[in-house]
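Whatever position you read off the sequence shown (first residue = 1), add 92 for the working numbering.
Among the hints, erroneous ones may be present.
Straight-line C-alpha distance at most 20 Å; calculated SDA-like pairs for lysine to any residue [unchecked claim]:
id, residue 1, residue 2
1, Lys131, Glu119
2, Lys131, Ser120
3, Lys192, Gln204
4, Lys188, Ala167
5, Lys131, Ile154
6, Lys131, Phe108
7, Lys131, Arg118
8, Lys131, Leu111
9, Lys131, Pro155
10, Lys196, Leu186
11, Lys131, Val117
12, Lys131, Asp170
13, Lys192, Val180
14, Lys188, His176
15, Lys188, Arg178
16, Lys131, Gly161
17, Lys131, Val180
18, Lys131, Arg178
Hint data in this document are derived by calculation from the structure and do not stem from the laboratory. These figures come from a predicted structure and were not determined experimentally.
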Amino acid sequence: MTAVQETAVADAGKCFWRLQAAVMVRESAEWLTTAELLKLAESCEATAHEERMHDWNRQFAIPMIRELGNQLARARRDEMHGAHSRIVTVARALRKLQRKTRGKRVPNFRTQIAALERELDELLDNCGQATMFDDSI
Numbered sequence: 093m094t095a096v097q098e099t100a101v102a103d104a105g106k107c108f109w110r111l112q113a114a115v116m117v118r119e120s121a122e123w124l125t126t127a128e129l130l131k132l133a134e135s136c137e138a139t140a141h142e143e144r145m146h147d148w149n150r151q152f153a154i155p156m157i158r159e160l161g162n163q164l165a166r167a168r169r170d171e172m173h174g175a176h177s178r179i180v181t182v183a184r185a186l187r188k189l190q191r192k193t194r195g196k197r198v199p200n201f202r203t204q205i206a207a208l209e210r211e212l213d214e215l216l217d218n219c220g221q222a223t224m225f226d227d228s229i
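Sequences and hints are given; from them, build the entire structure.
Structure below.
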């Protein structure tokens, strides 16, 4: 390993131990980001062969696992809430459109054409043929 790689490994270890100590002191992992929680979980998995005490489980592993579960549950709940809110918004818009169109009727063009034909027939009946072909309009 090069010196840079050794430094990176040492820094990663310090981060793990520093985060682990902070979680153990607070007995909570709520303040950690998801990336930090995942880093701790990976480090715990890598060091699982070491002897662990009951206090370590109570003060570190259990709070960390609980917080990972909480974050996953929140992510799923937010995802479902987003889908639910979109459905509710679409349903509201649909109801609003239905209310607007409830009182309106689609024009019946056949009825309108028939009415215009009757009106034209009445006008033609009132006019003589002489006035229909008169050029003095």
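Now for the hints, and whether the structure bears them out:
1. Lys131 <-> Glu119: Within the cut-off at roughly 18 Å; holds.
2. Lys131 <-> Ser120: 16 Å, holds
3. Lys192 <-> Gln204: The given pair, whose Cα atoms are some 23 Å apart, is violated under the 20 Å limit.
4. Lys188 <-> Ala167: 32 Å, violated
5. Lys131 <-> Ile154: Holds, because 15 Å separates the two Cα atoms, which is no more than 20 Å.
6. Lys131 <-> Phe108: With Cα atoms ~8 Å apart, Lys131 and Phe108 stay inside 20 Å; holds.
7. Lys131 <-> Arg118: Given that 20 Å is the threshold and the Cα spacing comes to 18 Å, the pair holds.
8. Lys131 <-> Leu111: With Cα atoms ~10 Å apart, Lys131 and Leu111 stay inside 20 Å; holds.
9. Lys131 <-> Pro155: 15 Å, holds
10. Lys196 <-> Leu186: 16 Å, holds
11. Lys131 <-> Val117: Holds, at about 18 Å.
12. Lys131 <-> Asp170: Not OK: Lys131 and Asp170 at ~23 Å, beyond 20 Å, violated.
13. Lys192 <-> Val180: Holds, because 18 Å separates the two Cα atoms, which is no more than 20 Å.
14. Lys188 <-> His176: Roughly 18 Å between the alpha carbons, so the hint for Lys188 and His176 holds.
15. Lys188 <-> Arg178: 15 Å, holds
16. Lys131 <-> Gly161: 15 Å, holds
17. Lys131 <-> Val180: Violated: Lys131 and Val180 sit about 38 Å apart, past 20 Å.
18. Lys131 <-> Arg178: Distance of about 34 Å is beyond 20 Å: violated.
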